[in-house]
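Enquirer: Sequence:
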Amino acid sequence: MQTPPDHAYPTHWEADVVLRDGGTARIRPITPADAERLVSFYEQVSDESKYYRFFAPYPRLSDRDVHRFTHHDYVDRVGLAATVGGEFIATVRYDRIDERGLPAKRPEDDQAEVAFLVQDAHQGRGVASALLEHIAAVARERGIRRFAAEVLPANTKMIKVFTDAGYTQKRTFEDGVVRLEFDLEPTEQSMAVMRGREQRAEARSVQRLLAPGSIAVIGTGRAPGGIGRTALRNILDAGFTGRVHAVNHAFPEDLRRLEPEGVPAARSVREIPDPVDLAVIAVPPAGVPDVVRDCGEHGVQGVLVLSSGYAEAGPDGRERQRDLLRQARSYGMRLIGPNAFGLINTTPDVRLNASLAPRMPGAGRIGLFTQSGAIGIALLSGLHARGPGDGGIAGISTFVSAGNRADVSGNDLLQFWYDDPHTDVAILYLESIGNPRKFARLARRTAAVKPVVVAKGGRHHGTAPLGHAVPTVRVPDSTVAALMRQAGVIRVDTVTELIDAGLVLASQPLPAGPRVAILGNSESLALLAYDACLTEGLRPQRPRVLPSAATPDDFRAALAEALAGPGCDAVVVTAIPWVAEEDAAAPGESEGTALADALRAAAAADPGKPVTVVHLAMDDLAETLAAPPEPYDPHAPREPAAPPRSSAPEAQAGPVTPPRPPHPPRPPAPAPAPDRAPAPDAPARPRPVRIPAYPAAERAVRALAEAVRYAAWRRAATEPGRVPAYDDIQEAAAGADIEQLLDRLTTDVAPGRSVALPPADAEALLARYGIHSRPTLPAPDPDAAVRAAARLGYPVALKTTAPHLRHRADLGGVRLDIAGEAELRRTYAELTDFLGSPEELRPVVQAMVPRGVDTIVRAAIDPAAGAVLSFGLAGAPSQLLGDIAHRLIPATDREVNEQIRSIRSAPLLFGWRGSQPVDTAALEELLLRVSRLVDDHPEVVAVDLEPVVVAQHGLAVLGASVRLARPPATTDLGPRRLPVY
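Numbering of the sequence shown is given in the numbering used here, commencing with residue 323 and proceeding in unit increments.
Worth flagging that the hints you see were computed from the coordinates, not collected in a lab.
Where hints are given, some of them may not hold.
List of simulated lysine to any residue pairs, SDA-like, C-alpha gap at most 25 Å [unchecked claim]:
hint : residue 1 : residue 2
1    : K778      : R1036
2    : K772      : T818
3    : K760      : R579
4    : K760      : V817
5    : K760      : E430
All chains should be modelled from the sequences, with the hints used to inform the complete structure.
Expert: Here it is in structure tokens:
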């Protein structure tokens, strides 16, 4: 057996997970110190559940049972427990067995028997499904490839846990027992099941925070002012439909109601007789642990910590923040903050403003997430200025400003917004990305159904805010931006651009293409729009310039004509104040309003194309265009109606008057959503006629261009490429080679460090995937060079491999087309005379290949960004200009086709200035094979092919290096877990 020394406790198996109902639990290995917890847990399990577990009445555990269930070697016998508040709520264990079902005695035995027990009070929360994911990952790590489970036929819940997991299964029935056997190798179905459960659980956990039935504001000051009292006032002023409590340990014992707010008062959350769903905490950091403990013991579902003094305050504060997160999760609570600005939900049946924003935003279709409170204020203020009031063009559905985002992050909000029927556009301002790999995955899926717009601060190394503990990202920001684009994310640079793009996407249909019609009553303004379109890569038509005295009817007719034209995908309208002829009558003070009505009428008659307006000195035009048509309900279902999140009738918001209404029922969980995008041919939901207006042509066109690019990505996403399956790839043999190489090369290497493969081993590993590099023979002296050339055949190349001269033909380190022995000896002498001794230069000889374009192909795994495939031209384009294209691994055939064409120097591959085009098909295949190698084997952390000479027919890999490392214990491809920073 392969027992680790001293039965080392595997800390990397510990994980916090979100359960089906939105609560959290901690999964960890069971230890001998858990004996009392195990006994207490077993006493709370019903007799029926015990019978299902042991197939016989089993009222209590014997001392021998307790010892067996708490003592494990963490290899052949493993037990995991799910805990809440430090107590067991479920357990799972496996025992390695042989082919006869007896305890295994040989290292090659790769099957284990698995069994679960879930406390009755926690059944139906998805605990067993989460435990199955984690115990399966543990088993794979320990060399187990298959699980077997015996279940009584009446135990339908447990049978469903196994059958719904998505693994390849075999079911038999014998002696009154159902025997299930299933392979643990993840399948496409098992990954889809896991991702779907993750999305529904995390979305539900956010929904519980955004739609609480009751709130306790802890730290409410006795006098007006202060953060706690301000938060309480904002909640009440917004018309929150649930119950509100004010909590302060310094309240007088006889205080029952806080005036003038008229809300129930308590000295501790434990004194509140009713359930509390959300606690808003505004007390000094020293008092937060006691408050969180009280909340956990009272059954609070989530906490919003407005208090500062955590990771943003230095190392001590960072440790306080970690303790806060551990404490909140130990009670099954999600945490927003600390140092948070707050959260807002404008839906009529909630009307929640649990933030420090003094004004409740207008209700609308934009979801908003920020990490910075200051940026949150700027976004809310900017949106209000562009379309105030419920149903305006800039109204929001939900808003979360997470501060240090120790727990709830932008990833959680993407999970929630994915199937939120009240949100059409997701806007995020991020200062750091804690889990870029997961962010890219979630953003790609969300972007397939609704736009995701992101602005990222702290784009340069070392500029992340002190409060954000994030993994180090080695790839430059330009790479991160490229990967976001690949995932369908609309990446912008400023807060203003966030708003500009969000307004177009929230109010207009997606354009069918890049063709833009421009019309207006100012030639200069129209030309600015025309130039801006060309700059953004759009295809503008010649502007149609109306007379400066054009009336609203003239604008309406021109817009209607443009929208009806077959050569137009979008329209930009430019407008300046009406300039009348000498005898003409001005339209009066309502000029902007009349023009807005005319443009709306034309857009309503042909609603399939987007319209934007550029105006100068016409604020009333912008305000009217942004306002909702009357009457308008921003949260009314649109056709086809999405499944509602709650079956309860919507409550009407009204004035807040004491006493508060009775505690309402908690909102039910949202309807489960499939883990896939709706069909691409689903009919579009009709939008109210609201048109975004901009004070500058460049801003309007830039926002429109983002919509055009996003629409093109959406169309391409409906027909994603494929990852080809090449028949000559030897995946299993490569895996065996890698295991042997790691055993041989990493004996003296620190954990987590990578090792470079010797050239021969690198060439052999690459050959397993059909990647053949040209042989290179060492030439430590002239005679060795001659022997090498004779072996390879003339003509040959003589190259140095010293790091400072590698691939530097410009410095004389590469000599080509050497035709014979005499020339080779002469060249060798010149090389060593001018550049250094053979020991310094490390010369090699290589056979010549057909001339072509020198390129580089690389793949690397960044600990945060994940596996990235890179391509560029060798030399100055990539080294000096950074002209390199990146794609996430696994890359599809469509993605690598776009990748090689996306670099600025791509024309050199396709016959620039009369040169012959090279074999890009062979280049694409090479990229796909490298992608497959890194995707199939996470131990391969870097592949560098340079140069790759791409000729008219075929290509040649002249240099190759590979680095290996033991894979990390957990990745985004493993079982679902909440991050810990």
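Enquirer: Holds or violated: are the alpha carbons of K760 and R579 at most 25 Å from each other?
Expert: Violated, because 46 Å separates the two Cα atoms, which is more than 25 Å.
Enquirer: For the pair we were handed, K772 and T818, check the Cα-Cα distance against 25 Å.
Expert: holds (20 Å)
Enquirer: So if I understand the rule, the pair passes when the alpha-carbon distance is 25 Å or less; does K778 with R1036 pass?
Expert: holds (22 Å)
Enquirer: If you draw a straight line from the CA of K760 to the CA of V817, is it 25 Å or shorter?
Expert: holds (24 Å)
Enquirer: Checking one constraint from the list: CA of K760 to CA of E430, max 25 Å. Satisfied?
Expert: Given that 25 Å is the threshold and the Cα spacing comes to 35 Å, the pair is violated.
Checked against the numbered hints above, the structure breaks hints 3, 5 and satisfies the rest.
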